[in-house]
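**Student:** Sequence:
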Amino acid sequence: MFLGALGDCWFVSSIATVASKPQLVRKLILTQVVDPAGVYILRLFKDGVWKTVIIDDLIPCDESNCPVFAQAKGKQLWVSLLEKAQAKLYGSYHALKNGSTYEGLISLTGSPTQTINFKHEHKPLDSKKLGEVWQTLLSHSEEGFLIGITCGSPEVSEQEYEAVGLISEHAYSVLQVRSIRGLRLLQLRNPWGKHSWKGDWSLGSRLWTSELLEKLNPSKENDGTFWISFQDTVKYFPEAD
1 MFLGALGDCW
11 FVSSIATVAS
21 KPQLVRKLIL
31 TQVVDPAGVY
41 ILRLFKDGVW
51 KTVIIDDLIP
61 CDESNCPVFA
71 QAKGKQLWVS
81 LLEKAQAKLY
91 GSYHALKNGS
101 TYEGLISLTG
111 SPTQTINFKH
121 EHKPLDSKKL
131 GEVWQTLLSH
141 SEEGFLIGIT
151 CGSPEVSEQE
161 YEAVGLISEH
171 AYSVLQVRSI
181 RGLRLLQLRN
191 PWGKHSWKGD
201 WSLGSRLWTS
211 ELLEKLNPSK
221 ENDGTFWISF
231 QDTVKYFPEA
241 D
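In UniProt numbering, the protein residues as written are 1 to 241.
Keep in mind that the hints were calculated from the coordinates and are not lab data.
If you're wondering where the values come from, they're calculated on a predicted model, not measured in any experiment.
Glycine residues also receive a C-beta, built at the ideal position from the N, C-alpha and C atoms.
Please note that a few of the clues may not be correct.
[Stated by the list, open to error] Pairwise CB distance ranges (calculated):
hint, residue 1, residue 2, range
1, LYS129, THR52, 40 to 46 Å
2, SER127, SER210, 28 to 34 Å
3, ILE180, HIS120, 24 to 30 Å
4, HIS120, GLN159, 23 to 29 Å
All chains should be built: construct the whole structure from the sequences, respecting the hints.
**Tutor:** Pasting the structure below:
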């Protein structure tokens, strides 16, 4: 996916998270085939109820006719249509500039969403509470729950985030949570499809063994997918939804 110029990474990241379960996306886009008239019917959750949203396929483009906001790879329309439906529901594209993964997941699933804090008043949790947080993430992942995670901590400078390949005030999707050989690891994805983690467990890290490479199969492409330790997750990401 490409984020585009709008900067609504909270919503695009939520779409990327939900896209890991294609059956959920199909429930959102009721018009399943290309409509010759360019009319599409979608459904999104707002104010406690599912709302039907009817839109056309006119997508904002630049002078070279390329979409300026969110889009899927391969010229697929579905991401742009979901973003347009959300913009219509909220009154404008501009209204989507600020939001949270928490809001995005509710809009796309209609399900209760829980925020899991990794810090308390910007201070690290003690080892016992962090252990409880880890077990919650692990059990949610094993049960197939969707998880999004927000990057950005006041204790970490923009320069440090840039140095480790992360983007502050940015939302990521959690693809996997794994406990293996005493290690606590998460697989994350940047919805931009690029800018991956450069620290421990990044591609090319010396921590990878042949066994772990086989079991976890880290992406060898620059697609924004990467593995990161729970310790570093807690340092750079304040919460998950």
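**Student:** Run every hint past the structure and note whether it holds.
**Tutor:** The hints, checked one at a time:
1. LYS129 with THR52: 40 to 46 Å: This hint holds: roughly 42 Å between Cβ atoms.
2. SER127 with SER210: 28 to 34 Å: The hinted range 28 to 34 Å holds for SER127 and SER210, with Cβ atoms some 31 Å apart.
3. ILE180 with HIS120: 24 to 30 Å: holds, 28 Å
4. HIS120 with GLN159: 23 to 29 Å: Hint holds: Cβ distance 26 Å, inside 23 to 29 Å.
Checked against the numbered hints listed earlier, the structure breaks none of them; every hint is satisfied.
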